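Since the structure of chain U is provided, determine the placement of chains E, S and X with the ligands on it from the hints.
Protein chains in written order, with the numbering used here: chain U, 1 to 258; chain E, 1001 to 1258; chain S, 2001 to 2303; chain X, 3001 to 3303.
Hints are all accurate, no fakes.
Restricting the straight-line Cα-Cα distance to at most 30 Å, the calculated cross-link-like pairs of lysine-lysine (DSSO-like) are:
1) S:LYS2028 / U:LYS4
2) X:LYS3285 / X:LYS3005
3) X:LYS3032 / E:LYS1232
4) E:LYS1008 / X:LYS3032
5) E:LYS1232 / X:LYS3028
6) S:LYS2113 / S:LYS2155
7) E:LYS1136 / E:LYS1154
8) X:LYS3205 / S:LYS2014
9) U:LYS84 / E:LYS1085
10) X:LYS3014 / S:LYS2205
So these bits of chain S aren't anywhere near chain E, every CB distance computed over 12 Å:
11) PRO2009
12) ALA2031
13) PRO2056
14) ASP2107
15) ASP2143
16) GLU2149
No lab work stands behind these hints, which were simulated from the structure alone. As the structure is a computational prediction, the values presented were derived from the model and not from experiment. Even for Gly, the Cβ is constructed at its ideal location relative to N, Cα and C.
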Amino acid sequence: MIRKERMKVIEQNEIARNIYELTLSGQLVEEMKGAGQFVHIRVSDSYEPLLRRPISIASINHELEQFTMIYRAEGRGTSLLSIKKPGEEVDVLGPLGNGFPVHEAKKGDTVILVGGGIGVPPLYELSKRLVENGVKPIHVLGFQSHDVVFYEEKFSELGDTHIVTVDGSQGHLGFVTSVLAELQQDFSMYFTCGPLPMLEALQNMYPKKKGFLSFEERMGCGIGACFACVCKTTEQCSVDYVKVCSDGPVFPAGVVHI
Amino acid sequence: MIRKERMKVIEQNEIARNIYELTLSGQLVEEMKGAGQFVHIRVSDSYEPLLRRPISIASINHELEQFTMIYRAEGRGTSLLSIKKPGEEVDVLGPLGNGFPVHEAKKGDTVILVGGGIGVPPLYELSKRLVENGVKPIHVLGFQSHDVVFYEEKFSELGDTHIVTVDGSQGHLGFVTSVLAELQQDFSMYFTCGPLPMLEALQNMYPKKKGFLSFEERMGCGIGACFACVCKTTEQCSVDYVKVCSDGPVFPAGVVHI
Amino acid sequence: MNRLKVELPGLSLKNPIMPASGCFGFGKEYAKLYDLSVLGAIMIKATTVETRLGNPTPRVAETASGMLNAIGLQNPGLEKVIAEELVWLEQYDTPIIANVAGTLMEDYVEVAKQISKSKNVHALEINISCPNVKCGGITFGTDPAVAAELTAAVKAVSEVPVYVKLSPNVTDIGEIARAVEAGGADGITMINTLIGMRLDTRTGKPVIANGTGGLSGPAVKPVALRMVYEVAKHVSIPIIGMGGITTVDDVIDFMSAGASAVAVGTANFVDPFVCPTIIEHLPEKLDWLGINHVSELIGRSHR
Amino acid sequence: MNRLKVELPGLSLKNPIMPASGCFGFGKEYAKLYDLSVLGAIMIKATTVETRLGNPTPRVAETASGMLNAIGLQNPGLEKVIAEELVWLEQYDTPIIANVAGTLMEDYVEVAKQISKSKNVHALEINISCPNVKCGGITFGTDPAVAAELTAAVKAVSEVPVYVKLSPNVTDIGEIARAVEAGGADGITMINTLIGMRLDTRTGKPVIANGTGGLSGPAVKPVALRMVYEVAKHVSIPIIGMGGITTVDDVIDFMSAGASAVAVGTANFVDPFVCPTIIEHLPEKLDWLGINHVSELIGRSHR
Ligand SMILES: Cc1cc2nc3c(=O)[nH]c(=O)nc-3n(C[C@H](O)[C@H](O)[C@H](O)COP(=O)(O)OP(=O)(O)OC[C@H]3O[C@@H](n4cnc5c(N)ncnc54)[C@H](O)[C@@H]3O)c2cc1C
Ligand SMILES: Cc1cc2nc3c(=O)[nH]c(=O)nc-3n(C[C@H](O)[C@H](O)[C@H](O)COP(=O)(O)OP(=O)(O)OC[C@H]3O[C@@H](n4cnc5c(N)ncnc54)[C@H](O)[C@@H]3O)c2cc1C
Ligand SMILES: Cc1cc2nc3c(=O)[nH]c(=O)nc-3n(C[C@H](O)[C@H](O)[C@H](O)COP(=O)(O)O)c2cc1C
Ligand SMILES: Cc1cc2nc3c(=O)[nH]c(=O)nc-3n(C[C@H](O)[C@H](O)[C@H](O)COP(=O)(O)O)c2cc1C
Ligand code: FES
Ligand code: FES
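If we strip away everything but chain U, and leave its shape as in the complex, we get (with noise of 0.2 Å):
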């Protein structure tokens, strides 16, 4: 069930440049299902900013009723809410949309998870998952440079990690692509989030594999009702157009026309 609820902040670092991770409490947290799925958070009481940022689920902690985000502070919003301290209320509707299925992965399957900038923290709750499942996740986490990266030692802890970095200032130069032409090909499926082009790319170079992408659009509602963030979709696709705020924002490869 979808809840409103002031949340606690508990920690907020800056774990790369402008990157931050939050963690809040709340007992919104109980139902948080699953690895994908995202918040719709409002920064401030005040009219300005208005709407809602919406900001994926990087990691869940039942016991303590905690979850964690990591976000980039770039506009007006998210700006705002990297100066919340410990003791701070947040705003936040969630959970949100349908996340990634884990279980389409089984045990002993090995799966590969590519992330690129800020789309890189929900995979992190999934290897987390996936690695509970008895799945074995090689993850390919693309940056622009170095001073960006983060999670690194984290997503090492759970599987083969590679780091890829536009400027080559960390990890292999270049796109998430040339490691992925690199790498065993013997996988069963793949799960991304990241920009745009990088889902095209990943779709276009597994036409055969079972996949998993994770889209943004721009928002207004969350919840499904407004129409801000349709995408269309493919002919093969049954129905005209999907939402990612309420269908998505993970869609299986092939149905959302890039």
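Chains E, S and X with the ligands in isolation, oriented as in the chain U frame:
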């Protein structure tokens, strides 16, 4: 000179119901000349609320580079101001306007200071200065009820202090005028700040006395440029209008058409 | 006594609060959050004869205390709205106001004729004011003669009272209001969005794919309020007011200006529970004002 | 090379930033805060033939990300403005744009004729759009034929180029813009304020004594930007854009939409140093955009 500075919150206390005493520090204090001037406060960096709030200077401490104001948290802006904590910053423009002419009162004079509600604060710095100059102030301070009375002790330390409440829950019952009628009448002048009906009553009560009244008006710029805060003048005045922000807020009795 | 009950042509409202068209879909999403029967009414998303897929994305952009949208009247089309959405909504004890849109006058007439037969549609809202569709829509709303003609044509076929939704993008809103009243409108709803634009500062290009969008939210409240006030002086049919309503105080203001009921749009995105919250707090606010019944508020600015 | 220099009819601007009329008086107050010579130009407060005392107070009210004003064109009158205010302003190396207002066409013509002779008045801004004066003003700005006629009449007597200030409270801003261009205007300034209202929630009465007021500030930026964009498509004379400008980014946006220079109004009240601050930061922003000269921004949204 008028300055704009992000001043630091030193202390903030609720000293009566919804009445806050806020002490700020910064170099801008150097410019504060006298009692009755005000500052123009921006309570947040958001565009909402947009406009600055005019608040009187209640006391000045040049040594510590600090000043104190006292305000009622009522609408959106003052409510936001009231949650500022020590260490946070407040955007202050000031000092603005022309305060009370302290030197009109001569050593040995007895003067009357009449305040109503949130018109009381500027009289505190005024009273301190008068006492410094060897003037004897008598304070008549009107409030709605006992729970919004503040600074009784502080004023008492400086001179005779009469508290009046509309509901009689503290001090005298009724309005400041009823107390004034019973007071000695051999004072040289009066100074007053408070709601318009009170200013009018005072002016009518003492047609022959020298008096200085501090006015309020909705403001735009606060510095004399926008013509938002003009008041019509009486016939005996040589100009057609005055601006509360830059010509006032204090005017001699008889200048402003009430 | 129900202190919040308001009677309008075709609409017996248990309270004067309803979600605005396009900000509530056909109710399904919000039904997961609260019982829709608490609402005074529901204004459903604009319905056109044919299925519409709307504009390219991005379709929304944030502005200071407001937002722009250019959804482009995306909706499943008349047939599906009647057969699926409206039938689904029958489970709630809430009158539906069907928002009618189209390109040509015939489209409006067709939608009005069919949709007004649905059991739970108690009124129509003729959307002559959507700024986000290229032909039709906006022009109907800016020419008094055309607006009157369209009103009359819809009125002739509708089985329920007809409200006309006015555009704020006009020189003289009073003139348009009088025209639609003369055309036979049973009520007016206002305002639709103001035309606006946001640019990407880096590229200089519009953020919204459509170029321009409709401005809504708290930023437009002063404009909406003044227009409701203005129109209330010119017509004797009731007004359902909207534009930036977010709090109980906003509701009081719109009704004071002359609205008999109000709609809440953008605020649903900021707080999906805003409608029930307002409804819950309205009685206390009436107490604070020393007012017995909400209808005493209507037009008190003018008295 | 001066990266910020912009040449407009009558105006050689060292940078495209100037305070908007009515938000800067005649400069005296801001001169105590900074050297007015840093400004591209100054648009002085509206001047009428006679002394005007303006509307009753309250004259301003705050709204979400904006404000309402109904000052009512208070000013000392033509004679004093010329003899005192303009003479005082001569000490600064900054061209003055004189904002001309009145009730009848003759008033405008009279003010234009006299004030355009002042040494430092390099252009006139004909205020056909003030929403806060009962007769004149607003009607001139909403009727294309009248707007064109007034423009021609002023143009006939003015010794300096004439800019016409447009009202946003119209159905078709492009039409008015074309009309004043046809009437001989050398440039357009836009937008003036949107008509709006705020009510006291307790009493239901307007907060502003005048009833309605003009809405300005960040809230109106999307509307202003779209109108500048629209007018830029319709006319070939330059536009000075305004409406909510507060930051360097806002300046970039207005110039991208088609403005050749911009004016800053309400933001002066929020931060009296806003104009020099914007001017100071403009070059870094050009660097960030990879642009050499500010004029390269003009109209880039359209390209
Ligand atoms: C399902 C989903 C999950 C996301 N998860 C994350 C995450 O885990 N970490 C992270 O850093 N970012 C994430 N994003 C992107 C994030 O929503 C934007 O970076 C953020 O909204 C920008 O807000 P701002 O205040 O910084 O920018 P502003 O420029 O102030 O934003 C203005 C408006 O545009 C919207 N907007 C701007 N950029 C985007 C964008 N890329 N996607 C959607 N809306 C946008 C904002 O929400 C706001 O309404 C996610 C987006 C979606 C749709
Ligand atoms: C020269 C001067 C000195 C003042 N000194 C004090 C003081 O020492 N202590 C104190 O508590 N109050 C003082 N006031 C009144 C104070 O400015 C208002 O109470 C305050 O602006 C209200 O803001 P808000 O955010 O609570 O209300 P909101 O309702 O959010 O205000 C909306 C707008 O109206 C303006 N406004 C509302 N009430 C007033 C008012 N009474 N006077 C002027 N503008 C108003 C606000 O500034 C703002 O622009 C003074 C006013 C003036 C003019
Ligand atoms: C995303 C969105 C979609 C809208 N769709 C419609 C619509 O389909 N039909 C219509 O008449 N109005 C539509 N509107 C306008 C609203 O119903 C309302 O008139 C306007 O938004 C002003 O109210 P607000 O400020 O409370 O949002 C839409 C508004 C928004 C924000
Ligand atoms: C207090 C105030 C007074 C104004 N007076 C005038 C005026 O005398 N003449 C005029 O043409 N515009 C006047 N305006 C309009 C501004 O010049 C400007 O067009 C408008 O405020 C939009 O810009 P902004 O949002 O930056 O304020 C006034 C605006 C304000 C806020
Ligand atoms: S954001 Fe409203 S439908 Fe997706
Ligand atoms: S507030 Fe602007 S002149 Fe006084």
